[in-house]
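With chain A's structure known, arrange chain B on it following the hints.
Protein chains in written order, with the working numbering: chain A, 1 to 168; chain B, 1 to 168.
In case anyone wonders, no lab produced these hints; they're calculated from the structure. Among the hints, a few may not be true.
Here are the simulated SDA-like cross-link-like pairs (lysine to any residue), alpha carbons at most 25 Å apart as the crow flies [to be verified]: (1) K96(A) - A41(A); (2) K141(A) - E69(A); (3) K83(A) - P168(B); (4) K166(B) - K96(A).
Predicted model only: the values in this text are computed from it and were never measured.
There are 2 protein chains.
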Amino acid sequence: MRLRLVGLVFAACLVAPALAGAVMSEDEVAIQAIIDRQTDAWNRHDMDAFVADTTSDVDWINVVGMHWEGRETVRRAHAVLHKGIFAHSRMVRADKPELREIAPDVVVAVVQNRIEGAGLMPSGEPYPTNGNILTLVFVKKDAVWRIAHAHNTTIDRDAAQHDPAKSP
Amino acid sequence: MRLRLVGLVFAACLVAPALAGAVMSEDEVAIQAIIDRQTDAWNRHDMDAFVADTTSDVDWINVVGMHWEGRETVRRAHAVLHKGIFAHSRMVRADKPELREIAPDVVVAVVQNRIEGAGLMPSGEPYPTNGNILTLVFVKKDAVWRIAHAHNTTIDRDAAQHDPAKSP
Numbered sequence: 001m002r003l004r005l006v007g008l009v010f011a012a013c014l015v016a017p018a019l020a021g022a023v024m025s026e027d028e029v030a031i032q033a034i035i036d037r038q039t040d041a042w043n044r045h046d047m048d049a050f051v052a053d054t055t056s057d058v059d060w061i062n063v064v065g066m067h068w069e070g071r072e073t074v075r076r077a078h079a080v081l082h083k084g085i086f087a088h089s090r091m092v093r094a095d096k097p098e099l100r101e102i103a104p105d106v107v108v109a110v111v112q113n114r115i116e117g118a119g120l121m122p123s124g125e126p127y128p129t130n131g132n133i134l135t136l137v138f139v140k141k142d143a144v145w146r147i148a149h150a151h152n153t154t155i156d157r158d159a160a161q162h163d164p165a166k167s168p
Numbered sequence: 001m002r003l004r005l006v007g008l009v010f011a012a013c014l015v016a017p018a019l020a021g022a023v024m025s026e027d028e029v030a031i032q033a034i035i036d037r038q039t040d041a042w043n044r045h046d047m048d049a050f051v052a053d054t055t056s057d058v059d060w061i062n063v064v065g066m067h068w069e070g071r072e073t074v075r076r077a078h079a080v081l082h083k084g085i086f087a088h089s090r091m092v093r094a095d096k097p098e099l100r101e102i103a104p105d106v107v108v109a110v111v112q113n114r115i116e117g118a119g120l121m122p123s124g125e126p127y128p129t130n131g132n133i134l135t136l137v138f139v140k141k142d143a144v145w146r147i148a149h150a151h152n153t154t155i156d157r158d159a160a161q162h163d164p165a166k167s168p
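Chain A on its own, in the form it takes in the complex:
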């Protein structure tokens, strides 16, 4: 039994590099799959699917600082936006998310993406196509990973030229 499990994990390690270009643990594969499903859900404008892998009490903070509490609120807010500004939008993921285990069964993912084809914002300005940087905090409970907290920020590419972390 134990050997069979080891065999399965070993097989997973052989398969994962082909998918991702790097050896990934079972947990990384599961988290990556959720992020992929969420991107896909955005592009199908299916907001039930978009929130399917969140906890019921998920918090979501968007790029303009709106703070939505609970899965149903997060779903409803996104559903309204996908009938308006995001109705014809497409999420394009910029790179492989960075995953960091900060505690047992808690992983923080930092995801970069870009929204193409969005409508105008309430201010009348176009939605930024600079890209967003999104924090997703994943928690594993009863062997299932879910998003417990999300926080999103638009990347300011002009400001990035003056990153103080890169100052000499």
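Frame of chain A, contents of chain B only:
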């Protein structure tokens, strides 16, 4: 021994309401104290103190989407900003942080604050005084709480008028 511990916790519960206006657990008191110390450190422009309660591998994402990895990088980036745009700034906290335990020994805090007296941004525009909404992910290890991840976003007060979660 056990009773003495219960006594201490009971005493803490008697003291905490006087400080915070609500019954707070020992963990909430500790986390609140870290948030207070960080506000104080910002206002004294002491960036060693500002990062003192972070983990060594903390990630910090700022309001323009810069992503700083590791305590020393976070300290250095803030130190550069506190010699420039934030040299004469003051952080004013808007309200009591919302704390949510998402896993054992993991708490997400959502903190609202406002930066007053900041200088101009590299674009030449003034730094927004609308306020920021900051996620701090706290992890307790060896009985000590530390910030493992931070993500900050400027609040757009105009956009807030059109919050889709409040749409009928």
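Against the structure, the hints:
With a C-alpha separation of about 18 Å, the suggested pair K96(A) and A41(A) falls inside the 25 Å cut-off, and the hint holds. Straight-line distance between C-alpha atoms of K141(A) and E69(A) comes to about 20 Å, which keeps the hinted pair within the 25 Å bound. A hinted pair counts as satisfied when its Cα atoms are at most 25 Å apart, and K83(A) with P168(B) qualifies at roughly 14 Å. Between the alpha carbons of K166(B) and K96(A) the distance comes to roughly 34 Å, so the proposed pair goes past 25 Å and is violated.
Against the hints set out earlier in the document, a violation occurs for number 4 only.
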